[in-house]
Amino acid sequence: MGKAGQARCVHRTFGKKTKVKSAGKASKAATPPKLKKGLEAGSVLILLAGRFRGRRVVFLKQLETGLLLVTGPYAINGVPLRRVNQRFCIATSAKVDLKGADYSKVDDAYFTKEASKKKSAAMFAADAEKKGISDEKKAGQKGMDDKVVKGLAADMKAYLKAKFSLSDKMYPHELKF
Amino acid sequence: MSMFTRFVEPGRLAVITYGPCAGKVCTVVDIVDQKRVVVDGPSSVTGVARHMMPVKRLSLTDFKAAIPRGAREKTLKLALEKESILKKWSETSWGKKLQAKETRAKMTDFDRFKLMVAKKKRSALVKKALKKK
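Chains as they are written, first to last, in UniProt numbering: chain S, 1 to 177; chain X, 1 to 133.
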């Protein structure tokens, strides 16, 4: 049996109901997403994706794009200053004292690469210059991390060096981090 | 000699094995029917509020508080304190096991790491000591 209810609208009127977008107001600037629970400068994160998956790193701040700025610190576990999406990390309750280390210079622009030249010419050139990270950045990283590294306790250092992994009978949904 | 020593009776200390209060200790206060009883922590002592519960979800222990049927929370609390039942319970191996399980579950990632390091250290020492002989 049929169902008593509103009849489906069969007649369509085209072009009458389309709204004209007002060109005047610009849309609001995107606000950066909220931080995960318990995240604050100095908390230890576990990275879940990318080259450094399984690494424990120190969270520094949230950038304008909403990505998290983290550091290994590089001197401890080889993870450089990096941006990560908070979806791809686990926040732990462990905290590191940043000792007032200053990372205010680092922003999203810090991570943009210089536009590469046209491939075709350079591709077959044998003596193509090998690009690496500039010395300037390397020194900057070291300088900024210095305070954090010095303030680490021995067990915290070992903790940051170690990789996270699940073993037998560890259920990530039941674990407390 | 009788076969059984643990009965579902008022004052019987039991462990809850299923549901939101799983792992907590409670006392049987009243019996509703063949399958169900009223239990009480009391909530101020073990965190189990007075509520009805199927017997199936309880594991009975050896301990029993001396209370009449349907005793009030206050009476129950006094009875438990008088014989220091919960203290005795925490000294049994069953109680200790439950406690260890709880502390294990509450460990954070950093704690787990520290435990792992400590275990490694211990086993290294044990190995060293065994090798000497």
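Everything labelled a hint here was simulated from the structure, so no lab data went into it. Fair warning: this is a prediction, and the values are worked out from it, not measured in the lab. There could be a bad hint or two in this list.
Quick list of simulated restraints, FRET-style, between CB atoms [as the list claims (entries may be wrong)]:
#: 1; chain 1: S; residue 1: K169; chain 2: X; residue 2: K114; range: 34 to 42 Å
#: 2; chain 1: S; residue 1: A7; chain 2: X; residue 2: V32; range: 49 to 57 Å
#: 3; chain 1: S; residue 1: E136; chain 2: X; residue 2: K114; range: 36 to 44 Å
#: 4; chain 1: X; residue 1: K82; chain 2: S; residue 2: H173; range: 56 to 64 Å
#: 5; chain 1: X; residue 1: E9; chain 2: S; residue 2: D168; range: 51 to 59 Å
Every residue, glycine too, gets a C-beta built ideally from N, C-alpha and C.
How the hints compare with the structure:
no.: 1; hint: K169/S - K114/X: 34 to 42 Å; result: violated (19 Å)
no.: 2; hint: A7/S - V32/X: 49 to 57 Å; result: holds (54 Å)
no.: 3; hint: E136/S - K114/X: 36 to 44 Å; result: holds (38 Å)
no.: 4; hint: K82/X - H173/S: 56 to 64 Å; result: violated (42 Å)
no.: 5; hint: E9/X - D168/S: 51 to 59 Å; result: violated (41 Å)
Of the numbered hints given earlier, the model fails hints 1, 4, 5; all others are met.
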